[in-house]
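Engineer: Kindly generate the complete structure, drawing on both the sequences and the hints.
Which chain is which? The protein sequence lines are Z and H, in order.
Under our numbering, think of the first position of the first sequence as 1, with each following residue one higher.
Under our numbering, think of the first position of the second sequence as 1, with each following residue one higher.
Just so you know, the hints here were simulated from the structure itself, not pulled from any lab data.
Treat the hints with care, since some could be wrong.
Computed Cβ-Cβ distance ranges for the label pairs, DEER-style [stated by the list, open to error]: (1) Z:A25 - H:F169: 19 to 27 angstroms; (2) H:Q250 - Z:E34: 36 to 44 angstroms; (3) H:L224 - Z:Y10: 30 to 38 angstroms; (4) H:Q250 - Z:N35: 38 to 46 angstroms; (5) Z:I17 - H:G114: 30 to 38 angstroms; (6) Z:A25 - H:T127: 18 to 26 angstroms.
Note that beta-carbon positions come from the ideal geometry of N, C-alpha and C, so glycine has one too.
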Amino acid sequence: MKIQKRLSVYGTATILIADMTSVCALVRTWKTWENVSINDNTIFRWATALLFVVSVVIVPIVYIYCSKIDASLSSNEDLKDKPKPSQRRTRK
Amino acid sequence: MILQAKDIELVARNLAIAREYPDDIVLNYTIKSLARSDYKMVGRDIENELQELRPAGQSSKRESGEESSFRPERTFRFTIDSDESQDKLIKRAKISRVASFWAVYVASGTIRSGKRMAFNFSSLCATLALTGMFVCLLSDVNKALILVINHILLTLAAVSGLVGVLFLFKIRSANLFFDEAATTAEMSAYLLARKTKNVWLIISFFSLLVSFSSFCISAQSGHLSVRGFVVSYGALVLALECALIAALFQLKQGVALEKVKRMTDQMCRPPIYHENAVVVRA
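Structural biologist: Below is the structure:
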């Protein structure tokens, strides 16, 4: 199950990095855009803030779902090795 | 002779293995079908199928008066003739009156493959349109031609995506296998991963549509406005993010499916007797 948990952690981390990269790219475009008016500045500011908030909100949701799946998959792990009562041999 | 429930389970598992479906889904459906009023009739027909499935020399019949000691044998593959068309399979199912189980099974496979094809085609068109967008941004050569091609690709992607959504609703309305409550933890993990992946894929698809529409509208005026760029960029990032999340859940789904298969495989095995496990009868 360690691999599963690692997959969840690394997967969500990758998504977070991709998000932050996209926010940085937007900020860079904003700074290099020519003839930016005050109205355009407001649009860029709101867009950057919105993108950042969406990223920050989505990543924990994804991690919670991944944890749920991991928990379901690992719930029967401990029980598998134990013999069931129906599998026990009876001595005559 | 009334068919035993375990025999039906064995048939269901064999069919599931043959059709590469998770066994539990089929088992759920089979158990549900046991509650039908025509259970005995369906049972008789499945029993006939069962005789074909069993290897020569083995029989499910029990001697009269003897206590039933049925143990499910190790499952073996129920071979389906690959040359046999879907129509023939459905016809055969109708003839053998296992239609409630078998034909729905085949039909669901057809719907699923249709949905997959539609979404794959939509993704391909969307990727090509995205490439066209970037080409359009980077160079001024043949801009009008690329925009026209982009429009065609966008239309195709949208139509194909809608066809995929239609298939999705068709599966939902048929109320086949996935609406039932999962019986095992592995199965519930599989269903959760699958459902979550589908939700993210749909969000990604619609974000992509918003992005492309915004780009096309803003590009019509000849120059890209800040508002058009921001909306298009934001939607594109959201689409990419949702696609990444869907890929993560696709991996999870694959692992969960492996677990489900392993679990049902263990269920089919004869019980293992542990040397040290002893129960003394009173």
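Engineer: None of the hints should be skipped; say for each whether it holds.
Structural biologist: Hints and how they fare:
1. Distance hint for A25 (chain Z) and F169 (chain H): a CB-CB separation of about 37 angstroms, inconsistent with the stated range 19 to 27 angstroms.
2. Look at Q250 (chain H) against E34 (chain Z): about 42 angstroms separates their beta carbons, and that is inside 36 to 44 angstroms.
3. Here the CB-CB span from L224 (chain H) to Y10 (chain Z) is close to 36 angstroms, well matched to the stated 30 to 38 angstroms.
4. As the Cβ distance of Q250 (chain H) to N35 (chain Z) is approximately 44 angstroms, the hint placing it in 38 to 46 angstroms holds.
5. Here the CB-CB span from I17 (chain Z) to G114 (chain H) is close to 36 angstroms, well matched to the stated 30 to 38 angstroms.
6. In this structure the supplied range 18 to 26 angstroms holds for A25 (chain Z) paired with T127 (chain H), their Cβ-Cβ distance being about 20 angstroms.
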